[in-house]
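Read top to bottom, the protein sequences are chains Y and X.
375 is the number that our numbering gives to position 375 of the first sequence; each next residue is one higher, with no gaps.
Add 439 to the 1-based position in the second sequence for our numbering, that's all there is to it.
Simulated from the structure, these hints should not be mistaken for laboratory data.
Quick reminder that beta carbons are idealized off the backbone N, C-alpha and C, glycines included.
Just to be clear, a hint being listed does not mean it is correct.
To be verified - Quick list of the computed label-pair ranges, beta carbon to beta carbon:
| id | chain 1 | residue 1 | chain 2 | residue 2 | range |
| --- | --- | --- | --- | --- | --- |
| 1 | X | Thr848 | Y | Arg17 | 43 to 53 Å |
| 2 | Y | Gly390 | X | Arg620 | 28 to 38 Å |
| 3 | X | Gly798 | Y | Thr410 | 28 to 38 Å |
| 4 | X | Ala693 | Y | Thr409 | 34 to 44 Å |
| 5 | Y | Ala98 | X | Phe475 | 50 to 60 Å |
| 6 | X | Asp543 | Y | Ala362 | 30 to 40 Å |
As a plain string of letters, each chain reads:
Number of protein chains: 2
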Amino acid sequence: MRYLWPDYVYTPRGWQRDLLVALDEEGRIAGLQPRFAADGAVFPLPEGAVVEPLPGKALLPGFVNVHSHVFQRALRGLAQRPVSGHDTFWSWREAMYAEAQRLDPERLYTLARATYREMLAAGYTTVGEFHYVHHQPDGRPYPSPNLMAEALLQAARDAGIRLVILLAAYARNDFGQPALREQRRFCDPSVAAYLGRVEALRALGAAVGLAPHSVRAVPEDWLRAIAAYSRRERLPLHIHADEQPAEIESCLAACGCRPLELLARCEVLGPLTTVVHATHADQRELALLASSRTCVCLCPTTEGDLGDGIPPYRDFLAQGIPLAIGSDSNTRLDPFEELRWAEYTARLRYGERRVLVAGAAASPGPYLLACGCEHGAAALGVEGGRLEPGRLADLVAIDLEHPMLQGWTTENLLDSLFFGASAEVVRAVWVAGKQVYVR
Amino acid sequence: MRYLWPDYVYTPRGWQRDLLVALDEEGRIAGLQPRFAADGAVFPLPEGAVVEPLPGKALLPGFVNVHSHVFQRALRGLAQRPVSGHDTFWSWREAMYAEAQRLDPERLYTLARATYREMLAAGYTTVGEFHYVHHQPDGRPYPSPNLMAEALLQAARDAGIRLVILLAAYARNDFGQPALREQRRFCDPSVAAYLGRVEALRALGAAVGLAPHSVRAVPEDWLRAIAAYSRRERLPLHIHADEQPAEIESCLAACGCRPLELLARCEVLGPLTTVVHATHADQRELALLASSRTCVCLCPTTEGDLGDGIPPYRDFLAQGIPLAIGSDSNTRLDPFEELRWAEYTARLRYGERRVLVAGAAASPGPYLLACGCEHGAAALGVEGGRLEPGRLADLVAIDLEHPMLQGWTTENLLDSLFFGASAEVVRAVWVAGKQVYVR
């Protein structure tokens, strides 16, 4: 049995000093037990026990990156100029389509592997890859229809990160508008064809989820079929919604209702479902999210980069809607910065401090950690996100001696991390109990 | 003569490959010259020339931290809970006052030295220290009246950072309200006493500026006298204004005008003056800033932490108001993050991309660099902020091989830095031509 022995471990009861984290052969946490007895004597361990001390380190659950389009990493720093004279989300999309057209399995593999290594270095142990660049550039399937997805699976294996492939379904450009040239390689000819590829991926043993792109890209009958499949197979379902006003206007014009209302009508919302962004959700849509126990995935750095808006954080909290985080366009990879700016943009929106908290007297630290780890794990159907026996041993060691953390206390360490630090404090990362990264 | 030879140098003409940066004995840039002739031969150098190659590095001007209250570093992570049941800027202020009461010269020195080291590691080479904890806790001056300021000067010398002490003037709690108990150690009995301490500091050879705290804390006759001294002695003048609605309401009630209008009336605004925050400046106040050529210092991470609001970035740009940055409460020390979130919060406010740009076709990178370096140097009266002959050799070397920067091009490197990176890419820092930090 292997044991990790950091100075501190973050358990559901808070920071604990000198706890041993036992790791089993299946990549799970076998147990948490004290290193020392009350009298200071070392507790005896079983024969063959190996203890790895981690002096000056604090152990956290690994962060869960619920929403990523890994190929967009190639745009970092290169999509900050106007395209065709305008500067909105939609002009950024043109640069992104150009990059999508350039991809082939090898290029995708190389880019994904490097970016998944960057994610690990930042403290993300799991990524939900919202993958939509499926086919050849002219739209014809590859001889092996999941070749691009398999490149991602291989990249994740070689990088060492835990991957959930959220296979995107895409049918058209908008309500009543066929797919554009640049979208051909995203699209399947039918929902049956799409679900066939989902089944083929699952048959490879991959962790898979369903990802109808958005209400603009996917017709109602597809949405219903995909949602039914999600419920029957108990697989996560992820969908973009309410990120930009134009999407909402389009949906209202075509269907007479807003995107989340349409999703409720198609029985897409539910405890297996995550809505990405929900930036412009109105009161009725918020109530639908809450009553259906749907999760919302926030992408603060990408939402800032695209100027989407500051979502209704206060309403999310008040209505008990679980929140998770994602790096989305991968312009930044740092869960500490994502969570910090979720809270900061919330403060800027409401002109008050302490929006994302789990109780009247609490600081944001513990709630931000839940968003970064536990809620994310649930949104991807992964048994991680908490340091508890039975959970996956996906772990992050933080350097308590880093100058950024100088002045930390056990009472406030999470706040020091989220408000004072960057991913620079990450020292080592384990996935399924195996150390996959060390600084 | 010493020469630095990085792969790239950022000059006012953009990135240049294989340029030598010559450093003279006075801590200034003596010249910039090519390493190689057109035929590839190495240009001969004078006798005794020492060349330090910096392979894989890009050299930038050092970032200028225009606004810092260094002692507030002690609050990092510790001021995220409610105080007296409420959660606003004003409840944070209570935690800050408690910390201010605890300070003595030794504690201040220790905290300042460590925090100035953190600033250097983040790429800041100059700091404008807005210093107001002057006297003993009961308000009596120390036997040596500038003892606390001298602790800061020593801390900066020992850390290696360039320091401009912005000596704060403080007289009262609000219009018609005497100083609170906790403010006693901030206050001088008269503006003459305050200016006497300014003169004494200058006599020590320190770089000094004037810093009337705010319109609430400083009466009009003081403001006029301090502004006159600033103009006569050509020293920078910094003042907080328009950070929170309550300040504006108080000023309107007492004076019938808004803070920047009052400052204009007292002849405080001008090319030597920097207004810190200006978050809630209205159209008339913006016009006053623009016509007087006053600079504005933004503090995005602290403004986020305190929920101040998103300032009118678009108006700043449209009216040609120069912008600089400051770490303020020192909850975060990272010029890349400050500049990124200045632009991102601007995008969130306006729902558009590319707000902080210097031209119709430009990306934000060059303008953000100017905010981070050149405008900041001007705001502090320091001849730095640009890599040009004659300017101070305050420099930062960036690691071009860092995974965060993978994919960079010379055309877009600044965008890759500001949108994709953190201070983790800083490899070495020079102040006055001397290497003061290496990672």
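How the hints compare with the structure:
| no. | hint | verdict |
| --- | --- | --- |
| 1 | X/Thr848 to Y/Arg17: 43 to 53 Å | holds (48 Å) |
| 2 | Y/Gly390 to X/Arg620: 28 to 38 Å | violated (54 Å) |
| 3 | X/Gly798 to Y/Thr410: 28 to 38 Å | violated (51 Å) |
| 4 | X/Ala693 to Y/Thr409: 34 to 44 Å | holds (41 Å) |
| 5 | Y/Ala98 to X/Phe475: 50 to 60 Å | violated (36 Å) |
| 6 | X/Asp543 to Y/Ala362: 30 to 40 Å | holds (33 Å) |
Violated hints, in rising order: 2, 3 and 5; the structure is consistent with all others.
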